[in-house]
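If you read the protein sequences in the order shown, they are chains A and B.
So the first sequence is numbered by our numbering: it starts at 1 and just counts up by one.
So the second sequence is numbered by our numbering: it starts at 1 and just counts up by one.
Keep in mind that the hints were calculated from the coordinates and are not lab data.
Do not rely on the hints blindly, as some may be mistaken.
To be verified - Computed cross-link-like contacts, PhoX-like style, restricted to lysine-lysine with a CA-CA straight-line distance of at most 25 Å: (1) B:493 - A:116; (2) B:350 - B:486; (3) B:464 - B:493; (4) B:107 - B:91; (5) A:110 - B:192; (6) B:192 - B:350; (7) B:311 - A:70; (8) B:350 - B:311; (9) A:110 - B:493; (10) B:394 - B:311; (11) B:493 - B:481; (12) B:394 - A:70; (13) B:192 - B:150; (14) B:512 - B:493.
Claimed, not checked - Label pairs and their computed distance ranges (CB to CB): (15) A:53 - B:53: 37 to 47 Å; (16) A:58 - B:45: 22 to 32 Å; (17) B:51 - A:35: 24 to 34 Å; (18) B:22 - A:64: 36 to 46 Å; (19) B:189 - A:41: 51 to 61 Å; (20) A:58 - B:135: 22 to 32 Å; (21) A:119 - B:189: 51 to 61 Å; (22) B:213 - A:58: 19 to 29 Å; (23) A:117 - B:466: 56 to 66 Å; (24) A:66 - B:139: 10 to 20 Å; (25) A:84 - B:189: 21 to 31 Å; (26) B:14 - A:53: 13 to 23 Å.
For glycine and all other residues, C-beta sits at the position ideal for the given N, C-alpha and C.
Here are the chains, one letter per residue:
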Amino acid sequence: MKKRIARLRERVSLRYRKFKKGLYLRWVSMPTFATARILLLALGVFILVAMIYLAQASNAAILARDLRVKQLEIQEIERENAQLRYEIAALASPSAIEQRARRLGLGPAKRVVYAKMPWIQPSPNELMPAFLPEGHVPSTPQTFSPTMDTLQELLALFGLDGFADSANAQVR
Amino acid sequence: MSALTPAQFARRTYVLFTVLVAAALVIALRLGYWQLVRHQDLNETAGALRERTITEYARRGDILTADGILLATDIYSYEVAAHPNLIKNPKEQAQVLAPILNISETKLVEQLSSDASTVMLTLDASTSAGRELTALRNAGTIAAIDFVAKPNRRYPGGSLAAHIVGFTSASRIGAYGLEQYYDDLLRGRDGKIRAESDALGDEILPFDLPQGSPAQDGATIVLTLNSAIQNIAERELVNGLTEFQAPSGQILIMEPLTGKILALASFPAPDLNTYSTTKLDQFGNPAVSLPYEPGSVFKVFTLAMGLDSGKITPNLIMNDPGSIVIGGRRFYNSDRTASGDVDLVTAMEKSLNVIAAKIALSTGPRVFYEYLHDFGFGSLTHIDLAGEIPGTVKNPGDGVWYESDLGTNSFGQGIATTPIQMATALSAVANGGNLMRPYIVDRIIYPDGSIDPRAPRIVRRVLKPETCQVVIDILSRSIGKESTNKANLEGYKIAGKTGTAQIPVPGGYDPKWTIASFGGFLPADNPQYVILVKIDRPAKSPWGSQVASPIFANVARQLAQLTGLPPDSVRLAQ
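Take these sequences, add in the hints, and give me the full structure.
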């Protein structure tokens, strides 16, 4: 039994020494030029892939940042726009316009004069159908051909007969 | 020192390798612990330190009139706060900030030098100030200054259509009018953006798109209201109230064919921009939420009921003995006189209560109240305004109705209506018999550009078209005959009816005050506008014909001018 154990130990010891020697030889042996070339190539490929990836990621990040900057600028402009819209609306409100008009001496019309102008006929689309009697068919539009008489009629309507005469005189 | 043998070198290399591998293993295990076991915990802690959630306020939708005048909109102001405990150069920062924030430099230095962690500098910095602050922060001139844009509701027209618009409170909740009725649509939804901040808590621009849910702006509401018509109504109402020394009143202008509200003026009218200092009772819209007894304007409906049901005919001559007893109660004409035999035109011209009661009697309570409900009295019109009430109508068989109520109701007493109900019912007469659902929102424009148009809606047919023609003719002739009625408009034939209603008080009616009103159509042959004028407690004269009629005429004249409605002679000659 003791002999068998001793033999086994011897075999294990021998195998261990062989293994250690093999490792050492591998460790101390220099790589060949071919192996180094392959390793360098692999390293180069790795670096290239990494650079491409980083460049893409960097570009995406810069674009995202630019986009955010633009978004914030748009927000700022929209806010200023809202302020301006408000100011315009305040100035354009009917009461504000009325106040300014009254300061200029204007006011609601006290009298409205409707002049008959047969040479101007609105197109059927321009007429407000709601204001026309039922079944009314507008007449065909005529060509606008104002004469001195019609001008005189118009001016007379507004009490400017004298002006019409002088205008006539000038034309003649 | 002797050189190492290859065997010694190899042994030591193995030892070093083993140590390094063991160390790497320890580091890997530790990394695994932090990355896998404590991942969530650490991630949250780190996030809390470098990230913050910014509320992106949704822009509340605009409210516009049909002609594009802005009635309500959002403008932005900045809330600016500082963190003095993180500021190392308060004087320099104060010097830069003072002119931008319009705060004295001394005060700013004091605020920025305090021991507090946060100090609010202003709640109302302008948008241009916000832009300057952004530039200064990006340039690194200011630090530890927070500024957040916050929308504020503003009303460019001030008190224009104030009762229709309502207001939005500081907490961005709509109150009264359209702001309340369409609050969900107008409000939109605030967004939450996760942003990174630096050591001073200032927002830094991330190298990534911001995460979170963006704000969704509210929808824009376009009204049927015309700003110029509204302005006419408001101006003439104020002028009328001043002239007749009345504290309050309403003018309502409606398009009878569609039910569109063109103007709805109420006074007193609050300035919506100063809502926080105005009494809340001024914001309720009396046109939809304040009931009143309409008085003789109601006779239009009694007349229409009688004609439509066939109980009376257009040429009927009725006898007015001066009083009539219904349900044991005697009713008189307002002047307590008898007119004898009269036609319907004269009955309307003289506004005879006795004739109105006789017509109601001829129709009978069942028919009378059926028509009354068909006209929409006692129920909501469902106009899109907050706070509408249905008014009160007593009905046969409900325990509080007496036979005498038929008499009082026939001339517009003992019944509570709202101006919007009256205008809607008058529109039914004016448009040929259809009760329209009144509406004030023409369309809703959503932020994605889609449009939800609102179309006119017929609720029911109340009268036959031929009945309406007869009623309008009778009203038109009665107004024309009435020399004292100031509603008559030169160049235009109008139809309408005055009302002088007593005001109910506990135990009866107020002995002094009345509600003077006039409801009319223009032009009579083809009504385009229904105008209701209601003046509460006029001191100068109690009568509708003296108080409300001239206001009606003033409004109608300007309305015709504005809309280009030619006088009858011009229009009918076309």
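Q | Index of numbered hints that the structure contradicts, given in increasing order | A | Per hint list: 5, 6, 7, 12, 14, 15, 17, 23 and 26 violated.
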